[in-house]
Every structure is written in C-alpha cells, then in structure tokens.
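S.K.: These protein sequences, in sequence, are chains B and P.
Residue numbers -9 to 273, in the numbering used here, belong to the letters of the first sequence in order.
Residue numbers 39 to 260, in the numbering used here, belong to the letters of the second sequence in order.
The hints are simulated quantities; they were obtained by calculation from the structure and are not laboratory data.
There may be inaccurate statements among the hints.
What the hints assert, rightly or not - Distance ranges between label pairs, derived from CB positions:
{"no.": "1", "chain 1": "B", "residue 1": "Ile12", "chain 2": "P", "residue 2": "Arg43", "range": "50 to 56 Å"}
{"no.": "2", "chain 1": "P", "residue 1": "Gly256", "chain 2": "B", "residue 2": "Ala270", "range": "26 to 32 Å"}
{"no.": "3", "chain 1": "B", "residue 1": "Arg4", "chain 2": "P", "residue 2": "Gly163", "range": "31 to 37 Å"}
{"no.": "4", "chain 1": "B", "residue 1": "Arg(-7)", "chain 2": "P", "residue 2": "His166", "range": "40 to 46 Å"}
{"no.": "5", "chain 1": "B", "residue 1": "Ile12", "chain 2": "P", "residue 2": "Ser74", "range": "45 to 51 Å"}
{"no.": "6", "chain 1": "B", "residue 1": "Ala270", "chain 2": "P", "residue 2": "Ser174", "range": "48 to 54 Å"}
{"no.": "7", "chain 1": "B", "residue 1": "Ala(-3)", "chain 2": "P", "residue 2": "Ser61", "range": "42 to 48 Å"}
{"no.": "8", "chain 1": "P", "residue 1": "Ser93", "chain 2": "B", "residue 2": "Ala270", "range": "20 to 26 Å"}
Nothing here was measured: the structure is a model prediction, and the numbers come from that model.
Backbone N, C-alpha and C fix where the C-beta goes; we use that ideal spot for every residue, glycine too.
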Amino acid sequence: MMRHALAEGWLLLRSRGLISPILALSLAIPISLAGVTISIRQWLEPVIDLGDREGVVAILLHPRLDEADRQSWIDEQTRKHSEWRLVEVEPEELAVRMSTWFPYLEELLEREGPEMLPPMVEIRTRTPESVLDLRNDNSVLAVGPTSSINQVVGRVAGRFATVLFTVAGLLMAGAILFAGVWVHLELHRNAEEIAIMRLMGATESTVRGPFLVAVAAPALLAAAASIVITVVAVGWISRLAAPLGLATSGPMLLLLAAQVCCAIVLPLAAAVITLERHAATEE
Amino acid sequence: MIRIRGVTKDYDRRQILRGLDLSVDAGEMVFLTGPSGAGKTTLLRLLYAAEKPTSGEIWLAGDRVDTMHRSGLPKLRRKIGVIFQDFKLLRRKTVLENVTFVLRFHGIAPREANRRAYKVLKRLGLHHRQGALPESLSGGEQQRVAIARALVYQPRLILADEPTGNLDADLASELLSLLCDINYQGATVVVATHDHALLESLPARTLVLRRGVIDYDGRWPP
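Work out the full structure: start from the sequences and follow the hints.
M.R.: Set out below in structure tokens:
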C-alpha cells in the first residue's frame, strides 16, 4: 500500500510540475518569518519591555517626612494623577538594592541600618515624563530617570513583531488553503479514476495515500527550507545587531522543531480534511 | 449469496425498480434480461453498492449492503468482480496495470499479480497488448480488459453488465466459457444481457425484468 501511495504520489507531483515548489515556498516563507521574529524577540526581551507595560520612575522623598506625611503625600499624588500608581519601597528592600548597585555602601548600611536611607517611592506610569514635575516638589529629594524611550521602543518593537506574526499567520493560512484547494482540484481531475478504484474495492487509505504523499513531499521541502532560511536570516541579523550590544544567539532547537511540525502537520491536516470532505460527498 | 427484499429505486420520482424480491444461491449462474430501461443496470449497481435503494433490503454473502457504512464497502466490493458496460478502465494505466491494480487491494505481491494478470489476459487473447493504454484499444479489447480485471482475483460473485456487447461471436463464446469455468469453481455469476444468443447458449436460470419487476424467473426461453 505504501509503495502504491509513493508511486502514485510521485506521478501526481510530476504531472503538476511547478505546484510542489510553489507550495513548499509558500509554506517556508511564513514559517521562516515567524521563526526569525521569535528569535529577535528573544534577544530584545531582556533589554526592552516589548509589552505595552508601564514605566517605573523612582523618587526619593525628603528624610524629614515621617510615615504619616509620606502616606498623605502619596494619597495627594494619587488624587492628582489618577494614572500613577505609587508604592513606597520598604527600607530593607531599598538597602538591598543600594548594596547591589553600590557595593561600597554595604558596610555603611550594615553599621547604620536601612533607616539612614531616604524613603523611596516607585511610580508606575505609561508617561514617565510626567513625573519630572515632581522635581519642584519640596517633599521630593530626587527624581530618577524619567525617559519613556524604553517604553516607546519596546512598544514599537512589540507592535512590529505583532504585525510580522499577523503577516506570517495570513501567509500561512493562504499556503494551507492553497494545499487544500490543490488537493480538491486534483480530486476533481482524478474523480473518474478514484470512483473506479472505489468500485474495485480500494480502501480510503489507498485512495488518499497518493494525495497525502503529494502534499507531504513539498511539506518536507518547506520544513527543510524554513530551517535553512531561519538559521541564515537570524545569523545575518545577529551580525547587524551586534553593535547594539544585544546578546544575540542562533534560533532555539525547540523553535526549529516547531517550524518542522508546522510545515508538515498543517498542510497535511488541510489535505486530510479535504479528502475526508470529498469521501463524505462521494457517499 | 444474494437476497433482495422489497427493493424499490426511484430517480427523480421515476420508479425504476418496484418492490423487487430476488434470491440467488451461492454457486448459481443467473442471466438478467429485459428491455432497455427495465432496471438491469440499476439492479447491478445496487448489488455492488454504487447506489442505495430508495427502500428495501439487499443482502450479499450475509452482509446487508443497503445500510452498510462506507468503511465497509471496500471489503464487500473485493468479494465481487464487476464487468461494467462502459468498461471503467483507468485511462493512464496500461492494460497490465489495469488488471493488476485490483490485486494490490488484495495484498498480492507485484510479481504474483503480474503472473496472474498475464494468465487471464492470455486466456482473453490480450497478452500481446499488455503494455498498451486503453485509448489505443478497440471497444472489444477494452471490454476484454474489463473482463480480465473482474476475473483476475477469482471473486465469489461476478456481476457482468452486457459483457458481450462489444465482442464478436467467438470472443463472446470464449467469455461465456470463462464465466462457466468460474461458476463451476463455485462462484456466483449474474450476467445482465440483451444477447438472446448468449441466453440460448446456456441452460441457466434467467430473470426477465420488465418495468422494474421480475416478469419471469426460469429457464430461457420462457
């Protein structure tokens, strides 16, 4: 049965010369595009917030403010700026951070205790620049970096990735549809022979085998092509991105395995669905 | 082998078969005759499950055919050798391939399939054309290929729809002798034919179908 499927599938492929490479290419392009996008996202994620999340601005309050004053100041700012979310950092937590950032302070902090540090408040907002006004507030000792460039770059990169995924998804849907339509047309073209085979006692697997082989061959080609394209493209882009200081790497093995699965399983699923519908119609 | 109970078949409100009852025992040879449009081909199509009856029951070798799920049809059809009126040959396959491809469904190895196919083709005088495509054959030759394909796997039931329609007298006689041989070996043979000479040549049970009902059941001539 397998020999029959391979022989007839090969005949089917040979008789429709250009269809296989076109189908393979139409599968490989979106799969590679998605693979490259995922790889680049992995490089960017540690350095840029790709989500549409808020930025965090740290401010130091004046040490003269006691706990009640600080709470009253936080409540006042929350009232004024409804989109800010203010959270006071615990002194112990702040001490840990300071020791990490400035190791030479560790000894001093151990000796004097975390109470020596001015109280810190973190403001989470989508517009970090709006926090800059607090520099003129008497209760504020210092305002941390307020640039939203990181959020903007992250947002743009995130949306660009979404666009690329959408394009890859649409192209992939088109390629799967192409595989299904091709099988559908071949079924019509060979309808008479299929009907004769069924009347002679051919099982569904005998009838379907050649069509599945004819789809599996370009699908395998697409799987191989998408791996090659992804590895080459990611390598090339990583060389371009190296001066930006990004920790680039090749595509993950898991990603390549997922690409192979997509390239093979999805068009075969489309072919199986088309064949099943055809068999049901024949009935 | 064949049990038919109250079978009717309608096409666009036109009743082709009307409450047909029929029983054919295993090993019997039966001729089915009648005027054009009497329902001979329809009855054969119902037997090899190419169509379903509008009502009634059809039993073939103990299996109910009319309600059979499509997954069960290949097994059923592999028990039947059908000789079609319009040959139904695979246009892109050679004569040999047309005969051997059915043997593949029976799991017969290619070499053995070729041997068996050659033997049947030789008996039908077509062995010298085994590499030809059907379109290069005459009507009679195509019919013989269709016959070879139906006989090659020695089915338990043979349904033949006008098998001698395109054959000359000698070949028709050779075919009849072939069908008789198979019948002697235990196969049930049902032959739908207009050919009175064929009916007269063999004292077999003959069913005359007229306006969708069996008008006569006995030896020919009535």
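S.K.: Ile12 of chain B and Ser74 of chain P, beta-carbon distance inside 45 to 51 Å?
M.R.: Holds, at about 50 Å.
S.K.: Quick check on a hinted range of 50 to 56 Å for Ile12 of chain B and Arg43 of chain P, using CB atoms only.
M.R.: holds, 55 Å
S.K.: Does the hinted range 20 to 26 Å hold for Ser93 of chain P and Ala270 of chain B at CB?
M.R.: For Ser93 of chain P and Ala270 of chain B the Cβ distance comes to about 23 Å; the hint holds.
S.K.: Is 48 to 54 Å right for how far apart the beta carbons of Ala270 of chain B and Ser174 of chain P are?
M.R.: Given a distance of about 37 Å, which is not inside 48 to 54 Å, the answer is violated.
S.K.: In this structure, is the beta-carbon distance linking Ala(-3) of chain B and Ser61 of chain P contained in 42 to 48 Å?
M.R.: holds, 43 Å
S.K.: Is the distance from the Cβ of Arg4 of chain B to the Cβ of Gly163 of chain P consistent with 31 to 37 Å?
M.R.: Once the Cβ atoms are compared, 34 Å apart, the range 31 to 37 Å for Gly163 of chain P and Arg4 of chain B holds.
S.K.: Is the distance from the Cβ of Arg(-7) of chain B to the Cβ of His166 of chain P consistent with 40 to 46 Å?
M.R.: violated, 27 Å
S.K.: Is it true that the C-beta distance of Gly256 of chain P to Ala270 of chain B lies inside 26 to 32 Å, as the hint says?
M.R.: Check failed, 43 Å falls outside 26 to 32 Å.
Taken one by one, the earlier hints fail for this structure at numbers 2, 4, 6, listed in ascending order.
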